[in-house]
Amino acid sequence: MTVRGPQAAALALHRFGLGPLRNSIAAIASDPRGALLEELDRPGAGRITSALPSSGQASRAVFRFQAERRAQQKLVQRAKKVAEAGGASNPFDCKQPPTPEPCVPSAIAVEPEKQGKPRQPPLPQQIILDEAKARFDAATGADIGFVERLVWFWSNHFCISADKIPAMAGAYEREAIRPHVLGRFADMLQAVESHPAMLFYLDNVQSMGPDSTAGIDRDKGLNENLARETLELHTLGVRTGYTQADVTNFAKVLTGWTWFPPFEPIHGGEFVFDPILHEPGDQIVLGKRYPENGVQQGRAVLADLARHPATAHHIAHELAAHFVADEPPPTLVAKLEKTFNDSDGNLKAVAETLITADESWTLQRTKLKAPAEWIVGVLRLTDGGPLIPIGQVMGAQAQLGAALWRPPAPNGYSDREAAWIDGVPHRLNLANQFANRLAMAMDPLGMLDSALGPLASTHTRDTVARAESRAQALTLLIMSPEFLRS
Amino acid sequence: MTFPHSPSRRDVLLSSGTLFAWAYLPKAAQAEGRDPRFLTIVLRGALDGLATVAPVGDPSWVSLRDDEALTLGGKTAALKLDNFFALNPAMPNLHRMFLDHEAIMVHAAATPYRERSHFDGQDVLESGMTKPNASDSGWLNRALAGLAPGGHVDPKGSKIFAVGPVTPLIARGAAPVLSWSPQRVLPASDDTVHRLLALYRQSDPKLTHTLEDSAKLTAIEQAGGMAGRKPGGPGPGQVRAYFAEVAGTAAKFLAQPDGPRVGALALDGWDTHFNEGIAHGHLSQLLGALDDALVAIKTNMGPAWRETAVVLITEFGRTAHINGTDGTDHGTGTVALLAGGALKGGRVIADWPGLKPTNLYEGRDLKATTDLRAVLKGLLRDHLRADERVLAADVFPASAAVKPTPGLVLSA
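In order, the protein sequences belong to chains Y and P.
For what it's worth, our numbering labels the leading residue of the first sequence as -16, then goes sequentially.
For what it's worth, our numbering labels the leading residue of the second sequence as 34, then goes sequentially.
What the hints contain is simulated information worked out from the structure, not anything from laboratory work.
Ideal placement from N, C-alpha and C gives every residue a C-beta, glycine not left out.
Keep in mind that the hints are not guaranteed to be accurate.
[Unchecked claim] For the chain P half of the interface with chain Y, some residues (derived, Cβ under 7 Å), not all of them:
| hint | residue |
| --- | --- |
| 1 | Val210 |
| 2 | Leu211 |
| 3 | Ser212 |
| 4 | Gln216 |
| 5 | Val218 |
| 6 | Pro220 |
| 7 | Ala221 |
| 8 | Leu230 |
| 9 | Ser236 |
| 10 | Pro238 |
| 11 | Leu240 |
| 12 | Thr241 |
| 13 | Glu245 |
| 14 | Lys285 |
| 15 | Gln289 |
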């Protein structure tokens, strides 16, 4: 079975990309597979070039911001107390009687909200907004969006949560995921597990060897969280034969992998291996002895986990289930697994296999797009990106239960139909709101052709054509099974 | 469900800080001691004109609609307008305006468009052209831009007030647009849910079940008086409040001494293919909401109401016969509703074509005997003092043969 031409082009855009732009289907119809492969070959694919703060810079800035806030609040309280006590010695020259407005020296005073001027979000929020905007622009601007879909997949596979570590959520993806999205899995794994955001998110900064200098000194010990999730979620997969002893020993290996706390003025928020926390001695993980070698001991375990056969199978299955079907064809999983093994975890080669395998091109479209994929798809189709502020895009994602970089647990957001189907009625209301903003003077049937091309069923075509208004036509189009599914 | 629209009310008021600074004083009108306001409401989806203003005096009428036909007697008596026409009982306030000579119904009216596509029909209705997709600007905007400086109304610095995040075509064009969006956003309508369900049932059982369950939940909540914020269509109360808010706000802007004088907004939901509910159901609720909206306009116009003309227009009518699902399909002739203190009201204007099978357009629709452009040209000429040649050449191109309807406004 071979799908070709416009049908394959439309399929490529919905299944592997982020949905068509106005003329995408025609643009890649001559060679849809080639167009996907070509996106992988572009120089700098997966990178974001805008100047955004590193995770270290961001966490130091947020720390300073919060310290200033606390100081400011204390000064207000002090001034109030002084005023209540008579106010004669008020050091800040506040007017008497005290006003409810903060009265503080200008050096650390936060500018009060000017009447009528939209308030600048507080710094931590601004950092997230800027990061989200850069990610969103990369998604809406991509020709197809296959590489961005891969970034999203890996970022979710190795997720952290902005609820726990807001300053670094966006920087983490740029620093640990994007550089390796078409590189080697082993390199991504090393980057992820040594990233301060991950070390903080999965509590490794708390962990110390029971027999390390710090452990003895403070009577503290291991936190296994990072070691367990690395085995269970990031590499081998759950129930693949590792034991509690493997988890414990791996946790010992990883002691000392920590960060400079954000209050450190120069290196706060950066990775550091701290020997004082590290459990001394050799460790046995998955039957192999890893000699004591400081930070290199952990690097060696990660290198072996990256090329473990269970990891290859786990990743192959997750990729196939993410892109093709919740229950993916075993032959497709086998092809991806083979490429992963043969290429020593070359993720570009794996992505190429995903595109070239016939199993990936089944015309049955059973996947339900996750909320972010659907929202970005709508905005790409309608050129709506510039019209909807990033805060509203994030709000829409959150309404649909998929807040950006805020998964409820370390296994990330589900990419299976069962997780999102109950949210479809909520999508309808969002669709209605988007459509009222974006329908403009569009030609509904032209939009239908742009969106679905030959994938549109007669029923969907008729339903869109008979809508009572352009806004309703767009609502029905973006809520059609063909647009919701990939 | 809060997906804040932008520009919000606040944004617009701020970004248009000069809103009340520029002077748009209609000079001719000033000389006459008049300061006219003109608001156009587009009813998208094709209003059933026969169910709104029923020809109760036509002997063929009742048989076309059976139980759903409005009559002067019966369970829900229509509101008598004259010896031939009666108004839908959901609109008592419009009826009162009619009795007070503040409303005119123009029946068997239509644009030049004779096909039955909503999009194309709305395009012709709003662009003022004779064919769809012939212009990127709307007749209301061109009318404002075309008002001659000096002798008549001065368009310099004037803006057209438009409701909604997207300016309706009718208001687009050279004259600048002042747009405002309600903060209240309606959930997708029941009608949209029904259309989507019908589509899902063709191919996707899982999506069908999900949407069905959600719609059922909403129905239960609405029946139980619970504040339904679940998806699945707004309750009638929400629609009423929305209509009244957008129309009332438009009136507030137009009432300002130095505010805009011309405005446009669109209200959706009139495509009543099944379970139309002329006297008790869906259409009745929508017409009731529209009736409230007219009250909101009158109230918020305050003293300016006596210088106001509001015109409610739709892209085409619906079939004369009821269809197999207790609704009506896309038709031709329909009604245009005019309200406002500036009108010489209390009249139904109609060159009635009759409802016998041989009278119907293509054997199915109310025949259009009045060109809607004539009504609009009459209002623009006599109320806003638009030049008749400009109306015939620019506002409604190639309409020289369509003479403006005279005598719609007082002291014209």
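Numbers of the earlier hints that this structure fails to satisfy, in rising order: Those not satisfied are hints 1, 2, 3, 4, 8, 10, 12, 13, 14 and 15.
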